[in-house]
Amino acid sequence: MGSLFRSAEMTLCQLFLQSEAAYACVSELGELGLVQFRDLNPDVNVFQRKFVNEVRRCDEMERKLRYLENEIKKDNIPIADTGENPEAPQPREMIDLEATFEKLENELREVNQNAEALKRNYLELTELKQILRKTQVFFDEHYFFKAETVNYRTTLSFVAGVILRERIPAFERMLWRACRGNVFLRQAEIETPLEDPSTGDRVYKSVFIIFFQGDQLKTRVKKICEGFRATLYPCPEAPTDRREMAMGVMTRIEDLKTVLGQTQDHRHRVLVAAAKNIKNWVIKVRKIKAIYHTLNLFNLDVTQKCLIAECWVPVLDLENIQLALRRGTERSGSSVPPILNRMDTPEDPPTYNSTNKFTSAFQVLIDAYGVASYREMNPSPYTIITFPFLFAVMFGDLGHGIILTLFAAWMVIKEKPLAAKKSDNEIWNIFFGGRYLILVMGFFSMYTGFIYNDFFSKSLNVFGSHWQTVNLTTENIKILPGSVMLDPATNNYTGTPYPIGLDPVWQLAGNKIIFQNSFKMKISIILGIIHMLFGVTISLFNMRYFNEKSDILYEFVPRVIFLSFLFLYMCIMMFIKWFKYYANNTAKDYVLGTRCAPSILITFIDMVLQKDSPVEPGCEPEMYPGQMVLQKFLFVCAILCVPWMLLAKPIFIMRERKQKELHHQITNTLENGDAEAFHNNTSAPTVQHGGHGGHGEEDSGTGDLFITQAIHTIEYVLGSVSHTASYLRLWALSLAHAQLSEVLWNMVLSKGLGMGGWTGGIALYIIFAFWSCLTISILVLMEGLSAFLHTLRLHWVEFQSKFYKGTGYAFQPFAFETILEGGGAYPGED
Amino acid sequence: MPVCGPKLSICGIVLSIWGIIQLGLMGVFYYFGAVALAEDIPEVSFEHGTKLKDFYAKVDAGYTQNAYNCWIAALLYLATLVFSAQQFWANNRSSLSV
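As they're listed, the protein sequences go chains A and B. Residues in the first sequence are numbered from 1 upward in steps of one, following my numbering. Residues in the second sequence are numbered from 831 upward in steps of one, following my numbering.
Isolated chain A, as found in the complex:
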């Protein structure tokens, strides 16, 4: 059986691995990615597990690699992505790796520390240089000042330093207040920003010099400077000393610059060497970590000689897994082969639908609603056709379909380079993930657009219209209204239909919407009924597969009867109307003319309400002989289906139970002790098998049984009415889309076309750009999304509610691929 229709058959296996071979075997299984391990020690704390030490070492290595990566990124060195996938290294290689990382990290840290110290030194020297340069002016003023007041007091002393520029105002105020105006502050800005060695930020600073008198003031000023984080520098008083000092500072700065350059070069070399290997290392470490995480899930044998694992495995892939295990054993050099043992389990296995790049987008849509129960019919193969088709019914426009197709085709053709980019943009990733879905949607939209004869709201006259103008005189033209109503009863219609799709002339007709509405509404109902009947049919396959014979008789059959006797019959009436009635003006065919054609909806409502439809004089009350009788029969049958669905199954189950009890009592009385033992033996597996639907209800009480069945019945009966109406969204959205694109054409592009004169060409150039932007953003993107959502709803609610349980859980195999893609987050680790 094809794996696309149902999820793969799974089995629980027990795996005995020799301790020495366990690592290599798990590594092989991780490369294969087809095994889901179960946690055998769920009660054990993470810190009490066997390989916690190894995991911790891997964490440490990961931390070092992250540090390295950050440093590499800081220096803008490109990280080589060779795309190669190294195998998980042997456990003994771990020590080598650890040593390498340790060495690298230490080296880098040392280099960074040195660089920081050097930078700090450099900063101090530059600040000092600035002080010496700037204060020169102040000193000149000071001496000038001193010369005048030489007798007044003894010489002033001073401190000089550097402070952050934004702190200056507060600093000044503080000094004034604390020293009661007895100090004299001068400051000058340093024009070039200085680099803060610890943060690497560029900061603006100012040089200041404070003149004061006396020791008391000196201590106070120094305290304030400290408080404002100003750095003070010794500044000699004599100008010659200052000049000498400045010279010394200059030479030292030059020396420092060369040393700094060498340090940077060294750091760069180390990082470039590391950048070549870092991707490889990250993969290796993540693989080791994943392996030890997995080994932590295993149980230890009593003898400590072997590890016991339990895992879910697809039955079809058992052979591959055996081979991988054998490879692992060979690699580890162990002589004892691992043992893979199939086990019986009462648990429901996980659902595993193998997908490829084409089907995965569709499977994701289905799984978003709920993962299928184990071995349930998988709706996604049908969705591949129905989803784009229903989408296209709503998004029917040839032009918009072409845009959609081209966009998707570009993504599909450029698949590999685009996938290699690994964009973080979530919206782009959604589009890219669904590229095949969008491509098929584009193809279908082109098809429906062709059928609707809609190309950016204009029609294409490919085969020549089958409408004509006859007997048009000048007088006729004068009294012609703005828009012309097309009447197929006149000889304007040639009598043969347009070969495929709508006739192009309808696009210009005044009664276009009336005509299209009637057509599109009927089409949507017909499509909907087919879709829902298909869903009910799929439930038959489920029932047969799970061997629920009673469900077929008590659920499937009445459901089909109810749906087809009422709603399929309505569709058949639509076809009868289409085939039998036609527009004509001849008296002979008056009965088959427009006035006598019955409204299907009213006929259907009257059928349900048991009324006679009113008819015009001269028309026949029935579309075909015996219609009323047949309709009564169909209606009664459909009504009888309701109690059938409601009561038959619970009554059947109750009777079965009673018989069982009776049987039990008889056997009990016949052979007392043995029967009990026998019963106990057999009852255990039957309870275990009751994982699926109907059997699960055996344990529930009678009341529950009836209530569940009543809920299902009411849901189905009301559902078939409301769901049928729900399919009218196909018509509504399609109408809205066509109208919106027509409005856009008439309100925007038409303005450019109707300009006339030679300026019209330039106006058209500008207006076309505007129109195309609006077409993309509103008609393709917004309308496309809305049509997509409605299609999704039609599938999730209207289609899948007929057969799909979706109560399973997904198969999450242990695979290096997913772990590496997910940034190293291991599923078991939170």
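Since the hints were derived computationally from the structure, they do not count as laboratory data. Just so it is clear, CB atoms sit at the ideal spot from N, CA and C, and this is done for glycine as well. Be aware that one or more of the hints could be misleading.
[What the hints assert, rightly or not] Label-pair distances were calculated between CB atoms; the ranges are:
1. N280(A) / Q916(B): 38 to 46 Å
2. L323(A) / W919(B): 48 to 56 Å
3. Q916(B) / R92(A): 56 to 64 Å
4. L905(B) / L418(A): 27 to 35 Å
5. V137(A) / Q916(B): 14 to 22 Å
[Said to hold, decoys possible] Quick list of in silico lysine-lysine cross-link-like pairs, DSS-like style, CA-CA up to 30 Å:
6. K422(A) / K837(B)
7. K357(A) / K837(B)
8. K134(A) / K305(A)
9. K751(A) / K888(B)
10. K580(A) / K611(A)
11. K837(B) / K414(A)
12. K74(A) / K837(B)
13. K73(A) / K888(B)
14. K660(A) / K805(A)
15. K416(A) / K837(B)
16. K257(A) / K74(A)
17. K416(A) / K357(A)
18. K421(A) / K837(B)
19. K888(B) / K223(A)
20. K119(A) / K73(A)
21. K881(B) / K751(A)
22. K588(A) / K522(A)
23. K837(B) / K512(A)
24. K129(A) / K276(A)
[Stated by the list, open to error] Pulled a few chain B residues facing chain A out of the computed Cβ check, cut under 8 Å:
25. I847
26. W848
27. G849
28. G863
29. V865
30. L867
31. P872
32. Y893
33. T894
34. Y898
35. N899
36. A903
37. Y907
With the hints as your guide, set chain B onto chain A.
Same frame as chain A, but now just chain B:
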């Protein structure tokens, strides 16, 4: 010398290709007097005194004029395409040389 960025130049290329194809085709359809596009030709009123022949002549003139206008716009888009492509190329080169 790149004036617009890489994204804008790609946008310009796509828009101009679309414009050239659509406007060029629309020009052809106007030239052959497609009925589907009749609503968009410059307003021609049919008054009481007009002769049928004049009316047809006016409509035909409107069709031809629109055809030429479409082709003019298409040519302008051709210029835009050349400009955008040059910009795209310049952007690519400058990003490679860095």
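Structure-based check of each hint:
For the pair N280(A) and Q916(B), the beta carbons lie near 41 Å from each other, so the given range of 38 to 46 Å is met. Judged by the Cβ atoms, the range 48 to 56 Å given for L323(A) and W919(B) holds: they are separated by roughly 52 Å. As the Cβ distance of Q916(B) to R92(A) is approximately 59 Å, the hint placing it in 56 to 64 Å holds. Take L905(B) and L418(A): their Cβ atoms lie about 33 Å apart, and the range 27 to 35 Å holds.
Taking the beta carbon of each, V137(A) and Q916(B) are about 55 Å apart, not inside 14 to 22 Å as hinted. Among the hinted pairs, K422(A) with K837(B) is consistent with the structure: their alpha-carbon atoms are about 18 Å apart, no more than 30 Å. A distance of roughly 28 Å separates the Cα atoms of K357(A) and K837(B); the hinted pair therefore holds under the 30 Å criterion. Between K134(A) and K305(A) the CA atoms are separated by roughly 79 Å; this puts the pair beyond 30 Å, and the hint is violated.
At most 30 Å may separate the alpha-carbon atoms for a hinted pair to count; K751(A) and K888(B) meet this at roughly 19 Å. At roughly 23 Å between alpha-carbon atoms, K580(A) and K611(A) fall within 30 Å of each other, so this suggested pair holds. Our distance criterion of 30 Å between C-alpha atoms is met by K837(B) and K414(A), whose separation comes to about 17 Å. The suggested pairing of K74(A) with K837(B) holds, with an alpha-carbon distance near 27 Å, which does not exceed 30 Å.
Under the criterion of a C-alpha separation no larger than 30 Å, the hint pairing K73(A) with K888(B) is inconsistent with the structure, at around 69 Å. For the proposed pair K660(A) and K805(A), the alpha carbon gap of about 29 Å is at most 30 Å, so the pair holds. With a C-alpha separation of about 21 Å, the suggested pairing of K416(A) with K837(B) holds against the 30 Å cut-off. For a cut-off of 30 Å, the pair hint linking K257(A) to K74(A) stands: about 21 Å separates their Cα positions.
Taken as a hint, the K416(A) and K357(A) pair is honoured in the structure, with Cα atoms around 12 Å apart against an allowance of 30 Å. Taking the CA atoms of K421(A) and K837(B), the gap is near 16 Å; set against the 30 Å cutoff, the hint holds. Of the supplied pair hints, the one linking K888(B) and K223(A) is violated, its CA atoms being roughly 95 Å apart against a limit of 30 Å. Only pairs whose Cα atoms come within 30 Å are accepted, and K119(A) paired with K73(A) is accepted, the gap being roughly 21 Å.
Taken as a hint, the K881(B) and K751(A) pair is honoured in the structure, with Cα atoms around 28 Å apart against an allowance of 30 Å. About 28 Å separates the Cα atoms of K588(A) and K522(A), which keeps this hinted pair within 30 Å; it holds. Restraint check for K837(B) and K512(A): the C-alpha separation of about 41 Å exceeds 30 Å, so the hint is violated. Between K129(A) and K276(A) the CA atoms are separated by roughly 42 Å; this puts the pair beyond 30 Å, and the hint is violated.
Taking 8 Å as the C-beta contact cut-off toward chain A, the hint placing I847(B) at the interface is violated, the least distance being around 10 Å. With a least beta-carbon distance of about 6 Å to chain A, the hint placing W848(B) at the interface is held under the 8 Å criterion. Checking G849(B) against chain A by beta carbon gives a least distance of about 6 Å; that is within 8 Å, so the hint holds. For G863(B), the interface hint is violated, since its Cβ never comes within 8 Å of a Cβ in chain A; the closest pair sits about 11 Å apart.
Taking 8 Å as the C-beta cut-off, the interface hint given for V865(B) holds, the closest approach to chain A being about 7 Å. At a threshold of 8 Å, the smallest CB-CB gap from L867(B) to chain A is about 7 Å, leaving the interface hint in force. A hinted interface residue such as P872(B) counts as satisfied when its beta carbon comes closer than 8 Å to some beta carbon of chain A; here the least separation is about 4 Å, so the hint holds. A distance limit of 8 Å between C-beta atoms decides the matter here; for Y893(B) the minimum to chain A is near 11 Å, and the interface restraint is violated.
With its C-beta approaching chain A no nearer than about 11 Å, T894(B) sits outside the 8 Å limit, and its interface hint is violated. Residue-level restraint check for Y898(B) holds (minimum Cβ-Cβ distance to chain A is 7 Å; threshold 8 Å). Here the hint on N899(B) is kept, as its CB sits about 4 Å from the closest CB of chain A, short of 8 Å. The beta carbon of A903(B) comes within 4 Å of a beta carbon in chain A, closer than 8 Å, and the hint placing it at the interface holds.
Evaluation of the Y907(B) hint against chain A yields a held restraint, the C-beta minimum of about 7 Å falling below 8 Å.
This entry does not satisfy hints 5, 8, 13, 19, 23, 24, 25, 28, 32 and 33, going by the numbered hints stated previously.
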